[in-house]
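Residue numbers (this note's numbering), protein chains in the order written: chain E, 1 to 379; chain R, 380 to 758.
Treat each hint with caution, since some may be false.
No farther apart than 20 Å at their CA atoms in a straight line, the calculated lysine to aspartate or glutamate pairs in the EDC-like style are these [stated by the list, open to error]:
| no. | chain 1 | residue 1 | chain 2 | residue 2 |
| --- | --- | --- | --- | --- |
| 1 | R | Lys-419 | E | Glu-322 |
| 2 | R | Lys-458 | E | Glu-323 |
| 3 | R | Lys-458 | E | Asp-294 |
Beyond 12 Å from chain R on every Cβ pair, some chain E residues (computed) [stated by the list, open to error]:
| no. | residue |
| --- | --- |
| 4 | Leu-6 |
| 5 | Leu-102 |
| 6 | Glu-107 |
| 7 | Ala-201 |
In short, the hints are calculated from the structure, not lab data.
For every residue, glycine included, the Cβ atom is placed at its ideal position computed from N, Cα and C.
Protein chains: 2
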Amino acid sequence: MIGFTLQASDGRARLGQLETAHGVVHTPAFMTVGTAGTVKGLLPEQVAATGAEIILGNTYHLMLRPGAERLARLGGLHKFMNWPSPILTDSGGFQAMSLAKLRTIDEDGITFQSHLDGSRWRLTPEDAMGIQASLGSDIQMVLDECTPFPASEAEAAASMRRSMRWAERSRAAFKAPPGHGVFGIVQGGVYAALRHESASALRAIGFDGYAIGGLAVGEGQAQMLGVLDALDSHLPTERPRYLMGVGTPDDIIEAVIRGIDMFDCVLPTRSGRTGRAYTHDGTLNLRNARHQDDAGPLDADCACPVCAHYARAYLHHLFRCEEMLGPILLTLHNLYFYQGLMARLRRAIGERRLSDEGTAFLARYRAGGKETEPPAVGG
Amino acid sequence: MIGFTLQASDGRARLGQLETAHGVVHTPAFMTVGTAGTVKGLLPEQVAATGAEIILGNTYHLMLRPGAERLARLGGLHKFMNWPSPILTDSGGFQAMSLAKLRTIDEDGITFQSHLDGSRWRLTPEDAMGIQASLGSDIQMVLDECTPFPASEAEAAASMRRSMRWAERSRAAFKAPPGHGVFGIVQGGVYAALRHESASALRAIGFDGYAIGGLAVGEGQAQMLGVLDALDSHLPTERPRYLMGVGTPDDIIEAVIRGIDMFDCVLPTRSGRTGRAYTHDGTLNLRNARHQDDAGPLDADCACPVCAHYARAYLHHLFRCEEMLGPILLTLHNLYFYQGLMARLRRAIGERRLSDEGTAFLARYRAGGKETEPPAVGG
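Just chain E, with the same shape it has in the complex (with noise of 0.2 Å):
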């Protein structure tokens, strides 16, 4: 059981916290991911010092390297990569169905292939549970199956109802101490109905948080956004909301206002490694040719050290040199902004006053827009 407490409102926003064996998480809040036991390029008081409070860790990688056994052995996941705070792990389904090899999903469970090295892997709900305690995950995920997309609403109905059987052997499986939590995660693909219906199945069961599955796979934003409506009404208010895999400052904005409670997201930190920097105006590629020359920083309105000490051209030099730093300065600027605008949203809620504040952010964001891939040659 973990705590989640309310202490404000704005609309159907929230303003919250979760309470872990680990520290507390204010909510709304941005989870960093943390692949493999470390956020790609960044060490933990680099990831803290941007304001994340929890990171995600993918069970999948972590149940392949360095292996669940040998992280329970090493004292967890927090110590292994030296990351006191809380930390959330999906349940490993997700990455085994689009990362693995030679995948088969059966009522049991999920059997596959590692990408790494084709070793032969078996993942139940229960297994699954187990990887995730042994890892000392503050909260797990249930196991789920991922509806592919577009699916008919009659495939959508029969992978969410088996997802259900599995969240229901998920949670009979957990058994991790106090402070440590499981979430249900919502699937039914864009149908309403369906959705309702897994709403309902897992409040049955009961979880300390309740996620909401499958989007951001290439509906748009519209139809995601409707969904966050459809199941508004549905979810328990008591509990925290968790829309997993998104996304832009745009979705989050927009999510946020729909009272959502938790994100997470590779954006910031992939990203950051290919050379694009989010911004106030928009997003900018530091390998295009045209910063090299440059001495403003990424955002003059940005606060973060990134900005403050490094100008454009120095960035574009260091992706055209192919130096590390690069990919490294870029992540961390990206997650200062990303945990920046959790910040500004959390207040602006605590303010009642988050709906001027997403349409300012969103209008200027919006109206930069996106800078396009470098040419192919030069740069």
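Knowing the structure of chain E, use the given hints to seat chain R on it.
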């Protein structure tokens, strides 16, 4: 002109400090290599935290990218890379001869093609000084010719004499403001008479410091130390002595004992990136599978933050997964180790017990040995 104050001596070893436009450097000093405007993988504040007071920039790399004129327009290398402390730059000659394509030397300078794009470049002694001035280097190095190894006495003599003519032209072209200096470079291969002639030529010109070049190129430690012994009474005592491109902890200790004040080497950074860690008990290769369950630190006697917070098992995991944090943490540890060694040597000189300290360090270090590369499969 830069200042150099000798504070104590112990045998031939010297404790001192360099005073430059960007601050003081305590000697004997190890200069961390920051080739292309970055110490690979680390933020400047992380480099400074290891104890580094001065870094080395490579003129060859910087003249190609981002270019000397651009760097000057952007405010110089210190500002560009956010390193407010002293920077020494090499002349570019060594890398032009070792990295570039189609390089030729004539009496006036070096012609070469960039290893990056085949573009044609020319580097004369005057160019080398002008470029280093554009970078804002605190300590510039004269352009010299890299004598091949092995070289006959006649070859080494001809090469050294050209380097002395270039040293004179470099000195004449040096026009940096107060707090900036230029070092001459003693050449002459393994031939004591040539080294004496070279030192004498440089003293006649007059430099802020005297580097010893052309060593650690395959001649072996005994011959290298022989050159230091032969040069000892031929270099002015009141100016710093810099042994270029050296070296292992072993080499550094032996050279400090012989009166060397400054070192630079890629070993701690480059080794760190490939998984090799320096410890008081020799070197480790973290890619070896034997570390995968080891909960202990790299070095139980190291006070660095890497040894405080991370197990060998974690570092092995990072290298196995090719995670950026592996090279980052090992580079960091290795730089702490090198800077810790320098601090220990400085303390010992001040207390006139360098010989005992060096002997104790080397006995343990040499007994530890070097861990071999991991096998091609597994690990």
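Hint check:
no.	hint	verdict
1	R:Lys-419 <-> E:Glu-322	holds (10 Å)
2	R:Lys-458 <-> E:Glu-323	holds (18 Å)
3	R:Lys-458 <-> E:Asp-294	holds (13 Å)
4	Leu-6	holds (35 Å)
5	Leu-102	holds (22 Å)
6	Glu-107	holds (33 Å)
7	Ala-201	holds (37 Å)
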